[in-house]
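Quick note, the sequences are listed as chains V and H, same order. Residue numbering for the first sequence follows numbering that gives the first Met the number 0, starting at 0 and increasing by one per position. Residue numbering for the second sequence follows numbering that gives the first Met the number 0, starting at 0 and increasing by one per position.
These are calculated hints, taken from the structure and not from any lab test. These numbers were taken from a predicted model, which means no experiment stands behind them. A portion of the hints provided could be inaccurate.
Examples of chain V residues toward chain H, derived with CB under 8 Å [unchecked claim]: (1) Leu123; (2) Val125; (3) Ile127; (4) Leu137; (5) Glu142; (6) Ser163; (7) Val167; (8) Pro297; (9) Ser300; (10) Lys585; (11) Asn619.
All C-beta atoms in this analysis are idealised placements derived from N, C-alpha and C, irrespective of residue type, glycine included.
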Amino acid sequence: MKLNQIACSLIYLLLAWIMSSDLGFVIVSYITGLFIAYELNRIIYKKTITSSIINGSALAGIALLMGFVGVKNSVAFFVAMMLLASLLKIYQAQSDRQTMQVFVLNFFTIPCLFIFSQNFFSALLVFILIGVNLALMLIHQYEFSPREAIKNAFSKLALTIPISVLLVLFIPKLPAFWQLPGPNSAKTGLSENVDPFEISKLSESNELVFRSIFPKERNVEGPFYWRALIHDEFDGTRWNMSSLQSVSANYQASDSSHSYTIIAEPSHLKWLYTLEKMTTEQDLVATNVFGLPYRKRPVSSAFEYKVYNVVDTQDSSITRWQYRQNIQLPSDLNPQAKALAEQIDKQSNDTAEFIALLRDYILAQGFIYTLNPPISQSNDKIDEFFFNSKAGFCGHYASTVAMMMRSVGIPARLVSGYLGGELNPENNYFSIYQYDAHAWLEYYVPNQGWLELDPTAWVSPERLNGSLSQHSQLSEELKSNIGMTLMGFSDVALVNWLRLQLEAFDYQWTRWVLNFDDQKQSSFLKSIFGEKAKILSGIAVIIGLSLLFACVYWVLQRGSRQPIPLPVKLLRKLQVSAFGEFDNTKTPGQIILTIQSKYPKLEAELNNFLCEFEKVRYGNKNELEELKKHYLALTKQIKKQ
Amino acid sequence: MIKLPQPAWFDALLLKKHQGDSIKLKHDTIYVSPSKSGLGFLGIAVLNFILGINYQNNLILAVSYLMFVLLLMCLIYAFSNFNGLLIEVAAIKDDFADKRPSVTFKIENQKQRYDIQIEHIETKEKSILKRIKNNEFIDVFLPVKRGKHKLGRFKILTHYPFGLVTIWSYLISEKHIYAYPAQIETELPKNSFIISEKGEKALDDKALAEDFNELKSYREGMSIHRISWRHFAKNKELLVKDYQSPNKSASYGFDFDKVSGTKEDKLSQLSFLIVQAEIEQQSYALKLPNRLITLSQGNSHKKQCLEALSEA
Chain V
0 MKLNQIACSL
10 IYLLLAWIMS
20 SDLGFVIVSY
30 ITGLFIAYEL
40 NRIIYKKTIT
50 SSIINGSALA
60 GIALLMGFVG
70 VKNSVAFFVA
80 MMLLASLLKI
90 YQAQSDRQTM
100 QVFVLNFFTI
110 PCLFIFSQNF
120 FSALLVFILI
130 GVNLALMLIH
140 QYEFSPREAI
150 KNAFSKLALT
160 IPISVLLVLF
170 IPKLPAFWQL
180 PGPNSAKTGL
190 SENVDPFEIS
200 KLSESNELVF
210 RSIFPKERNV
220 EGPFYWRALI
230 HDEFDGTRWN
240 MSSLQSVSAN
250 YQASDSSHSY
260 TIIAEPSHLK
270 WLYTLEKMTT
280 EQDLVATNVF
290 GLPYRKRPVS
300 SAFEYKVYNV
310 VDTQDSSITR
320 WQYRQNIQLP
330 SDLNPQAKAL
340 AEQIDKQSND
350 TAEFIALLRD
360 YILAQGFIYT
370 LNPPISQSND
380 KIDEFFFNSK
390 AGFCGHYAST
400 VAMMMRSVGI
410 PARLVSGYLG
420 GELNPENNYF
430 SIYQYDAHAW
440 LEYYVPNQGW
450 LELDPTAWVS
460 PERLNGSLSQ
470 HSQLSEELKS
480 NIGMTLMGFS
490 DVALVNWLRL
500 QLEAFDYQWT
510 RWVLNFDDQK
520 QSSFLKSIFG
530 EKAKILSGIA
540 VIIGLSLLFA
550 CVYWVLQRGS
560 RQPIPLPVKL
570 LRKLQVSAFG
580 EFDNTKTPGQ
590 IILTIQSKYP
600 KLEAELNNFL
610 CEFEKVRYGN
620 KNELEELKKH
630 YLALTKQIKK
640 Q
Chain H
0 MIKLPQPAWF
10 DALLLKKHQG
20 DSIKLKHDTI
30 YVSPSKSGLG
40 FLGIAVLNFI
50 LGINYQNNLI
60 LAVSYLMFVL
70 LLMCLIYAFS
80 NFNGLLIEVA
90 AIKDDFADKR
100 PSVTFKIENQ
110 KQRYDIQIEH
120 IETKEKSILK
130 RIKNNEFIDV
140 FLPVKRGKHK
150 LGRFKILTHY
160 PFGLVTIWSY
170 LISEKHIYAY
180 PAQIETELPK
190 NSFIISEKGE
200 KALDDKALAE
210 DFNELKSYRE
220 GMSIHRISWR
230 HFAKNKELLV
240 KDYQSPNKSA
250 SYGFDFDKVS
260 GTKEDKLSQL
270 SFLIVQAEIE
280 QQSYALKLPN
290 RLITLSQGNS
300 HKKQCLEALS
310 EA
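So that you can see chain V by itself, here it is in the shape it has in the complex (with noise of 0.2 Å):
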């Protein structure tokens, strides 16, 4: 009982703090401290928990459940009741059914850590986990020691975990019928109504956001502007996400053959990315007007699409209400920058020669590029920001560069996505993390339609190419930012390699075990069974296992069967060619007696025999020479006769 509480206490509370980001920090110290306290109990009282004490402790934990999950939330919210519940019901489990129940029902919990995290080590340790439920329960229930029953357990498991590896490689795999809600849980990344001073929050988190492989032949250079949403309505402070960001439109492909492939991880958000505009085969994702994918449901998991660049039939004209969106300001917001446009505007006469002078002015004033500028208390922040601290990051320069186009009548909005990315020169991929997080702006010229502008280029260059981590000046603002990680450390030699090591796993990881989809198999099931692929993979299928359980079983039954000792085999020998066959009835005396009596002449070799067999079936004799030879001459006598 004890051993099965504490046990699988610790598993769930495994779980619950790997999971605590997503469950919420109070639910999950909500269930540490319920195991403490009854262990406590325990130790101290000596006393089990009463049932009322096991009441409460639900009835409080749901209390905070919904306080600080709410149902809304709902995939987190079940998790962590089936982590309470489960711990619970072992504190409360009398009989002997009931704890099994836990450990059955632990099939389940277990396994629900990967609806948050399916990476490599994620996988590992909920195959360990499951291993040491499967030794709880022989514990529980044949008394077996700890250490027989995780050897016991484990090496079922071993044999199991490759079959059902290859199960989920040939079985074909069926379309989601069903819609399940999925977990939504607070990552930092891209905001859909940006306050582009903000986003250097990003700059602080080096988790992963998408990867994009090119095709090994291709050369690819630089620089990646990664667009992922519009933002064209500005209050001031923020920019709001375009009303048309989730309006699809079509795009022709112009290429039969893709470009490069994006594998997004969970965002939680439905916007994907691309470097320009786009198309895909890929059933899941849509095209908006922008030429942005995005997709129906946010990405809850690891996803992987293909991007064909398209042939742009955008109008280089644009509507009248979209050019009263696009230069849209309030008007009493940050009246110096609005002053210093209309200068500029006066002596510039078209939108390049206006773009060209502010150029020229940012670069004069000494614009520096920073992650960690001034925090400004003030209304007018581009005021502040451009005439004040004049250091900030692409955010500022951004927003500044388009709301001061906005104010002479340029339609201008802005672009958040992410810059650069780190290559990974063996399988030519480029890893893109939160600190990549960028924003630039777009502004419109008839005629030409919209064009882009990364006025954070002019103040950092060195911003273009390559990760945030690869910028020689920022890398160690990012570094501190960042913290006790092992990009933290990466100038260390050895812990740079061991990260890109590291990476390089996930990346076969996400791209072989988590995107394994249905059009890989289907393809990789034609590669192996031709056309008729799914019929005879399920065939194969059904083959593969009986034999597999026939070796299983036959490997089992070996064991059981005791071998016949060689003495034993050489009396029966001499009986079959004595008389042709073998009498399992007789003693080893009798059958020497039967061959007496039909070949009197070999009495006393007969004798020989039986004395040796003797001697090395019921004595200390193990030397089996004498008694070889003894037959060897007897065999050789029977047959001349």
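Please arrange chain H on chain V, whose structure you already have, making use of the hints.
Chain H in isolation, oriented as in the chain V frame:
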């Protein structure tokens, strides 16, 4: 388990295969199915499958497949744990109905096996061997009412490993077990005919009660009515008045009609008297309405009498 209605032919088949006093467990006498926990386990595997498909989550799907495979593996492991055992009715221990009438099984075995259970189907009484390595004996207690009973069906089963499957077989024995009437303490009835060895009427019970010749220390099973309380009060020693003496050797005749009470009460009292007589090493005869067992003594005589009481 859910009790499925068993058609007659199935019953006949079962009898044909499993009747006898021993059974060798092999492929055609072993039955397999998921246990109750196993059904729950299967349900959770299906649940994981649904989750895996709908979240398009290969890892949850893998866990689900792993559970299916594990269950199948359990069947094989359990079968192999069971296969080749030879179960045999080794001894039948008749006893009083309120004590432990039991059957001893011999399990012939050469390898390490776990969790071998034998259950008497009628009484649901079960004995478990958690692990065995060699030949082993196992007692199954049968809490049956007074009477002569056919042993009937035993279910031999195991849940090893993990308790997710049930693997079972039957042994249907035609042998009988006696549950003797539980003993009810009673005084020797008046007018029990008491005859000396030579056949003459020597003593009446009154004389017997007064006229003991020695005190013996108390042993379990002796009547507490014969304890000499006087001695107990004096030296805290339990002593029993012993009536047996070489020259006063007496024989009892127990008559069903001479004890009082219902039929069961009568049988129980007779059962007590027989045991007492055997302890005192007296000869005794037993008269039942339909049967007479003549004067004798000794274990086999006692057994015969008790069996007669059981069958009455």
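Against the structure, the hints:
This hint is violated: Leu123(V) has a C-beta 11 Å from the nearest C-beta of chain H, more than the 8 Å allowed. Annotation: interface hint on Val125(V) holds; nearest CB of chain H at approximately 7 Å, less than 8 Å. Contact between Ile127(V) and chain H, as hinted, is not supported at the beta carbon level, the nearest pair being about 13 Å apart and thus beyond 8 Å. With 8 Å as the threshold, the beta carbon of Leu137(V) comes within range of chain H, its nearest partner Cβ sitting at about 7 Å, so the hint holds.
Interface restraint check: Glu142(V) against chain H, minimum CB-CB distance 6 Å, threshold 8 Å, status holds. This hint holds: Ser163(V) has a C-beta 4 Å from the nearest C-beta of chain H, less than the 8 Å allowed. For Val167(V), the suggested interface contact is upheld, since its CB lies about 5 Å from the closest CB of chain H, less than 8 Å. Hint status for Pro297(V) relative to chain H: violated, with the closest Cβ pair at about 12 Å, above 8 Å.
Annotation: interface hint on Ser300(V) holds; nearest CB of chain H at approximately 6 Å, less than 8 Å. Hint status for Lys585(V): violated, given a least beta-carbon distance of 22 Å to chain H, over 8 Å. A least Cβ separation of about 22 Å between Asn619(V) and chain H goes past the 8 Å threshold, and the interface hint is therefore violated.
In this structure, the hints that do not hold are numbers 1, 3, 8, 10 and 11, in rising order.
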